[in-house]
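Position 245 of the sequence shown, counting from 1, maps to 245 under the numbering used here, and the rest follow consecutively.
Don't read these hints as lab results, they were simulated from the structure. Accuracy of the hints is not assured; some may be wrong.
Quick list of in silico lysine-lysine cross-link-like pairs, BS3-like style, CA-CA up to 30 angstroms [unchecked claim]: (1) K337 x K213; (2) K268 x K307; (3) K255 x K268; (4) K213 x K255; (5) K8 x K237; (6) K327 x K237; (7) K79 x K132; (8) K237 x K127; (9) K290 x K268; (10) K296 x K315; (11) K267 x K237; (12) K240 x K8; (13) K83 x K255; (14) K296 x K307; (15) K79 x K124; (16) K315 x K79; (17) K267 x K327; (18) K54 x K274; (19) K305 x K267; (20) K337 x K54; (21) K274 x K213.
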Amino acid sequence: MDNFSSPKDTHSLLNQLQMELENENEVRIMEFCGGHTHQLVKSGLMSLLPDNLKMIHGPGCPVCVLPSEHIQAALDLLKSNSKLVVACFGDLMRIPTLGGDSLLGARSRGEDVRMVYDPTDLLKMAKNEPEKLFLFLAIGFETTAPATARLIYRIDEQQISNLKVYCLHVTTPPAIAVVMENLRPERRPMGLIGPGHVSLVTGLDLYHQASEKYSVPICISGFETNDLLTSLVTLVKSIKNKKNKVYNEYTRALKSEGNLEAQKLLKKVFEFRKSFYWRGLGEISQSAYKISPRYKEIDAEEFFKIKLSKVPEHKLCQCGSILRGEKSPLDCKLYAKACTPANPLGACMVSSEGTCSAYYAQGISV
Numbered sequence: 001m002d003n004f005s006s007p008k009d010t011h012s013l014l015n016q017l018q019m020e021l022e023n024e025n026e027v028r029i030m031e032f033c034g035g036h037t038h039q040l041v042k043s044g045l046m047s048l049l050p051d052n053l054k055m056i057h058g059p060g061c062p063v064c065v066l067p068s069e070h071i072q073a074a075l076d077l078l079k080s081n082s083k084l085v086v087a088c089f090g091d092l093m094r095i096p097t098l099g100g101d102s103l104l105g106a107r108s109r110g111e112d113v114r115m116v117y118d119p120t121d122l123l124k125m126a127k128n129e130p131e132k133l134f135l136f137l138a139i140g141f142e143t144t145a146p147a148t149a150r151l152i153y154r155i156d157e158q159q160i161s162n163l164k165v166y167c168l169h170v171t172t173p174p175a176i177a178v179v180m181e182n183l184r185p186e187r188r189p190m191g192l193i194g195p196g197h198v199s200l201v202t203g204l205d206l207y208h209q210a211s212e213k214y215s216v217p218i219c220i221s222g223f224e225t226n227d228l229l230t231s232l233v234t235l236v237k238s239i240k241n242k243k244n245k246v247y248n249e250y251t252r253a254l255k256s257e258g259n260l261e262a263q264k265l266l267k268k269v270f271e272f273r274k275s276f277y278w279r280g281l282g283e284i285s286q287s288a289y290k291i292s293p294r295y296k297e298i299d300a301e302e303f304f305k306i307k308l309s310k311v312p313e314h315k316l317c318q319c320g321s322i323l324r325g326e327k328s329p330l331d332c333k334l335y336a337k338a339c340t341p342a343n344p345l346g347a348c349m350v351s352s353e354g355t356c357s358a359y360y361a362q363g364i365s366v
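Using the sequences and the hints, build the whole thing.
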């Protein structure tokens with residue numbers, strides 16, 4: 001497949017998928033990555049898939065799985081330190097706490113909250129404003145973790161004392177395991193579309209164990225419509241033939257070994273937390289990075305002695321169930337009514353990778 005957006009190829013792949021699924025019982029496939037969810041919905045592909053192909057949306061949205069107590073901790077630090085600057089990626093600014101507060105709300109009240117695209121921009125900010133104390137909220141899967149590791153390495157190298165990092169990066173394999181082990185049999189995926197951008201860093205090896213343990217084929221996909229269709233055809237064939245393998249359908253960008261330099265940097269700067277609490281999935285062991293003791297001077301948790309207080313979610317919000325693959329946005333009573341992008345009550349409506357956000361943007365309603 002050379003043209004990943006050709007309508008002619010899209011039509012051909014849809015026909016092929018229909019033929020593979022003809023006279024088959026329900027086939028359930030989960031796309032792990034929020035970017036894949038958005039493309040499935042935005043392209044209209046969801047409405048064109050055969051009726052007996054059930055797509056289950058996964059937890060691959062880093063903003064969505066981050067519990068709001070971490071946002072509350074940053075808000076509390078802002079209140080107690082007038083010289084503090086909190087910096088983060090854009091989506092994180094709008095995540096609400098139960099009381100409706102957010103980093104965006106703090107900025108509207110005059111607190112110094114800044115959005116960054118490249119974490120290394122903070123190096124220049126910290127040098128130019130030595131009277132300020134900068135705190136970077138570092139989130140994301142393995143995709144963005146190397147950029148944070150690079151930032152930490154440079155802070156140490158350049159001996160910048162007024163820039164701290166709150167490391168909240170999570171990892172993919174433990175989340176896959178929790179989903180596969182806890183979903184009801186009638187919802188459990190029979191195949192997985194693996195995350196393309198994560199895999200560019202990690203390579204393919206981390207998926208082999210999951211494929212073997214849970215007896216599912218896993219196909220790493222690109223992000224164009226025809227990428228996803230090609231991956232679906234590959235997975236359906238594999239499910240029918242009972243071949244539990246790991247496939248790379250993103251060969252134009254993804255090497256099987258991943259990015260070895262990035263992997264080396266991650267091992268140097270981070271180590272695994274004993275456990276980390278995910279919204280929707282609960283406490284998962286060895287599922288998140290923390291900063292290595294070698295760089296403890298930069299670690300915000302050490303510097304600020306951060307203590308988390310559990311922040312309850314909105315009682316009617318189904319974001320947790322959606323992240324677990326148990327429900328869809330259409331199962332939530334708040335969706336598109338009390339909860340909209342203009343007034344998000346849950347993280348799944350805030351993030352650009354959130355399932356509720358994807359559904360709402362395309363006008364999918366109950």
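Now for the hints, and whether the structure bears them out:
no.	hint	verdict
1	K337 x K213	violated (41 angstroms)
2	K268 x K307	holds (26 angstroms)
3	K255 x K268	holds (22 angstroms)
4	K213 x K255	holds (23 angstroms)
5	K8 x K237	holds (21 angstroms)
6	K327 x K237	holds (26 angstroms)
7	K79 x K132	holds (15 angstroms)
8	K237 x K127	violated (56 angstroms)
9	K290 x K268	holds (11 angstroms)
10	K296 x K315	violated (37 angstroms)
11	K267 x K237	violated (37 angstroms)
12	K240 x K8	holds (26 angstroms)
13	K83 x K255	violated (45 angstroms)
14	K296 x K307	holds (17 angstroms)
15	K79 x K124	holds (25 angstroms)
16	K315 x K79	holds (27 angstroms)
17	K267 x K327	violated (36 angstroms)
18	K54 x K274	violated (35 angstroms)
19	K305 x K267	holds (24 angstroms)
20	K337 x K54	holds (26 angstroms)
21	K274 x K213	holds (22 angstroms)
Violated hints, in rising order: 1, 8, 10, 11, 13, 17 and 18; the structure is consistent with all others.
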